[in-house]
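Each chain, letter by letter, is given below.
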Amino acid sequence: MTGPGPQAKLRDARSLAQKHALLLVFFGFIIVAGTISGGRFLAPSNLAVILFQTSVVGVLVLGQVMVMLVAGIDLSIAAVAILAAVAMGAASSERQIMMNLGGFLPFLGLWPAIAIAFAGAILVGVVNGLMVVLLRIPAFIATLAMSLALMGVATLATGGGPVNYPDRFFPDFGFQRILGLPLPVYLFLALALIVGFALARTSFGTRLYAIGGNPRAARLSGIPVRTVTVLAYTLCALLGAVAGFLFLARTGVVTPGSGSGLLLTTIASAVVGGVNLYGGKGSIFNAVIGTLLLAGLSNLMNIMLVSPHLQSAVSGLIIVAAIMLNARLDQE
Amino acid sequence: MSTQPLPARFVKQVFKQDVLLILIGFVAVASVLSPAFLTPNNLTNLLSQSALLGILATAQFLVVVCGGFDLSVAAVMALASLVFASNVSVGVGPAAVMALATGGACGLFNGLVITKGKVQPLIATLAMMGIARGLALSISEKSILVRDPVVAAIRSFSWVVTVPTMVWFAVVLVGMVWFATSRQALHVYAVGGNEQTARLAGVRVDRIKIGVYTVSGLLSGLAGLALVMRASSGSPLGGMGWELDTIAAIVIGGTNLFGGEGKLMRALMGVLIYQMIANIMNLTRIDPFYQDIVRACVIVAAGTLGVLRQRRTERRVLQRRLA
Numbered sequence: 399m400t401g402p403g404p405q406a407k408l409r410d411a412r413s414l415a416q417k418h419a420l421l422l423v424f425f426g427f428i429i430v431a432g433t434i435s436g437g438r439f440l441a442p443s444n445l446a447v448i449l450f451q452t453s454v455v456g457v458l459v460l461g462q463v464m465v466m467l468v469a470g471i472d473l474s475i476a477a478v479a480i481l482a483a484v485a486m487g488a489a490s491s492e493r494q495i496m497m498n499l500g501g502f503l504p505f506l507g508l509w510p511a512i513a514i515a516f517a518g519a520i521l522v523g524v525v526n527g528l529m530v531v532l533l534r535i536p537a538f539i540a541t542l543a544m545s546l547a548l549m550g551v552a553t554l555a556t557g558g559g560p561v562n563y564p565d566r567f568f569p570d571f572g573f574q575r576i577l578g579l580p581l582p583v584y585l586f587l588a589l590a591l592i593v594g595f596a597l598a599r600t601s602f603g604t605r606l607y608a609i610g611g612n613p614r615a616a617r618l619s620g621i622p623v624r625t626v627t628v629l630a631y632t633l634c635a636l637l638g639a640v641a642g643f644l645f646l647a648r649t650g651v652v653t654p655g656s657g658s659g660l661l662l663t664t665i666a667s668a669v670v671g672g673v674n675l676y677g678g679k680g681s682i683f684n685a686v687i688g689t690l691l692l693a694g695l696s697n698l699m700n701i702m703l704v705s706p707h708l709q710s711a712v713s714g715l716i717i718v719a720a721i722m723l724n725a726r727l728d729q730e
Numbered sequence: 155m156s157t158q159p160l161p162a163r164f165v166k167q168v169f170k171q172d173v174l175l176i177l178i179g180f181v182a183v184a185s186v187l188s189p190a191f192l193t194p195n196n197l198t199n200l201l202s203q204s205a206l207l208g209i210l211a212t213a214q215f216l217v218v219v220c221g222g223f224d225l226s227v228a229a230v231m232a233l234a235s236l237v238f239a240s241n242v243s244v245g246v247g248p249a250a251v252m253a254l255a256t257g258g259a260c261g262l263f264n265g266l267v268i269t270k271g272k273v274q275p276l277i278a279t280l281a282m283m284g285i286a287r288g289l290a291l292s293i294s295e296k297s298i299l300v301r302d303p304v305v306a307a308i309r310s311f312s313w314v315v316t317v318p319t320m321v322w323f324a325v326v327l328v329g330m331v332w333f334a335t336s337r338q339a340l341h342v343y344a345v346g347g348n349e350q351t352a353r354l355a356g357v358r359v360d361r362i363k364i365g366v367y368t369v370s371g372l373l374s375g376l377a378g379l380a381l382v383m384r385a386s387s388g389s390p391l392g393g394m395g396w397e398l399d400t401i402a403a404i405v406i407g408g409t410n411l412f413g414g415e416g417k418l419m420r421a422l423m424g425v426l427i428y429q430m431i432a433n434i435m436n437l438t439r440i441d442p443f444y445q446d447i448v449r450a451c452v453i454v455a456a457g458t459l460g461v462l463r464q465r466r467t468e469r470r471v472l473q474r475r476l477a
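So the sequences go chain by chain: A and B. For what it's worth, our numbering labels the leading residue of the first sequence as 399, then goes sequentially. For what it's worth, our numbering labels the leading residue of the second sequence as 155, then goes sequentially.
No lab work stands behind these hints, which were simulated from the structure alone. Be a bit skeptical, because a hint or two may be false.
[Unchecked claim] Simulated restraints, written as ranges between beta carbons of each label pair:
{"#": "1", "chain 1": "B", "residue 1": "338", "chain 2": "A", "residue 2": "700", "range": "43 to 51 Å"}
{"#": "2", "chain 1": "B", "residue 1": "332", "chain 2": "A", "residue 2": "496", "range": "57 to 65 Å"}
{"#": "3", "chain 1": "A", "residue 1": "615", "chain 2": "B", "residue 2": "248", "range": "53 to 61 Å"}
{"#": "4", "chain 1": "B", "residue 1": "442", "chain 2": "A", "residue 2": "418", "range": "23 to 31 Å"}
{"#": "5", "chain 1": "B", "residue 1": "441", "chain 2": "A", "residue 2": "702", "range": "25 to 33 Å"}
{"#": "6", "chain 1": "B", "residue 1": "395", "chain 2": "A", "residue 2": "708", "range": "41 to 49 Å"}
Every value quoted in this text rests on a predicted model; they were computed, and no experiment measured them. In this text, a Cβ means the ideal position worked out from N, Cα and C, and glycines have one as well.
Turn these sequences into a full structure, and let the hints steer you where they fit.
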């Protein structure tokens, strides 16, 4: 079919454009953003800010992609992050524990507090996975219930108030800079490389894609579908705890309500990055590009002084437009 | 089947009504736990509190039966309530029409994005949730008080139940008649059961879907009006998190989350059960922070029940095929 000729060349160009549609959109956005902000968007200090802000959502996206690859979804991941941040922040500081009215967390010290938060996250992930695999509750209901429960625990742990005085280690980590970029950015990029490598080059990654693509075929070809699925949810929750750590490091403050917008941004970033909700499709590279695209958009609207409420409306429209474009290109 | 003795058949029929049994069980437990539960005052209150969620749950039910989700119902309700509150000076009638039209437009947009744009319902309506909530908040960050004699009169009117409850019951009644009699309702179930088969059978799938989402938006707009009648104000933050409550309620009411299966009457009972749990926890003064955890457990239990129910149906179908 693909003989030489002008038509074939056109088709090649087109398929090339389709393959890299997201990148084209991304660079197009950067050019437009740079132009209408009069260059302020492209200032190195602003780009560093975007990366800094992306680090939390970015780590959440890494986890979400793994779960979405097996045709699941984790609606509890933002709650895991917030609860982990609350636990780390509260249990690491004596001053904070004294502030918690009615909270039940004791003072543990820095490293035990971090260990407790990560252990809790692993437990949450395993329970999520088991609810999906054994009880066969739709992932979206199971993790939603988990999210509700975790927010309840977060409120109980702080007595409803904010965590203002975490151990010094957290802000110190958050604002330590190497070559102009804060440490959380490096942590995010390192995790993205690791997860990206795991998905693309290891048998674990291949199995995730196989399960999401066709669970029956995966089972028949000898993949331990249940174990791998539970593992995906567990790793996702673990990354949620890492994101909670980064959140606390970046802001130094956390309240049980801090995570409200985080979840939707996470899912939207993954979907804009071409990760399929029905499983089996998506790559970490594209998901990270999707995350950067949405973070850049939000940053641009801040620069242009768009009111935060309108921002939510505008990003809703743009998310829909981006996905429609993606679907159209995919179809052809 | 007909060879079984009558009592056995009767017992079987009763157990088919599992949602009703759960509802009755909850009423029994609640009246034992708190003497305040079975008072006319508390029951009127319970129905009044359920009304808004009930209207939204009816919208959600329609969409879920058709194989989709509408995560924007609560945000559209808030937007519609603000559209009404900020335009009420024009007159109650025109303002109400504007509020309903806003809801309908949001729903139509959802439907078009999902059918023509091929965006998954979860994502499309999630985006609409952000859009509607954002627009509502940019109309006003705080609640707008409605000082209109007509609205005040409606608000204070009560005949056994309050006006929002009447609106809810009316919606359910119309819905039940529609589901029982119309051809389109069959098409909705068909699309939710298996879209491909429905298309091959000649159902205009896209048109049904667009209609379903538009009606869902209209009902959300109606819920916005009911919100104003209940609170005398339009509220940009009204119904935060309710989109998920509606889904939980209809799942408790036996609706299949993957579409094609469910009864409106049972979904309504699901709403009552869901609200009763909150009501009981308030009456028995359980710490509000624990209430979230209890609700989470209820959702998981309802989800498990739904899965068990579906497996039972599947097994029965299989047996029938083998017989």
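Status of the hints after comparison with the structure:
{"no.": "1", "hint": "B:338 / A:700: 43 to 51 Å", "verdict": "holds, 46 Å"}
{"no.": "2", "hint": "B:332 / A:496: 57 to 65 Å", "verdict": "holds, 60 Å"}
{"no.": "3", "hint": "A:615 / B:248: 53 to 61 Å", "verdict": "holds, 58 Å"}
{"no.": "4", "hint": "B:442 / A:418: 23 to 31 Å", "verdict": "violated, 51 Å"}
{"no.": "5", "hint": "B:441 / A:702: 25 to 33 Å", "verdict": "violated, 44 Å"}
{"no.": "6", "hint": "B:395 / A:708: 41 to 49 Å", "verdict": "violated, 22 Å"}
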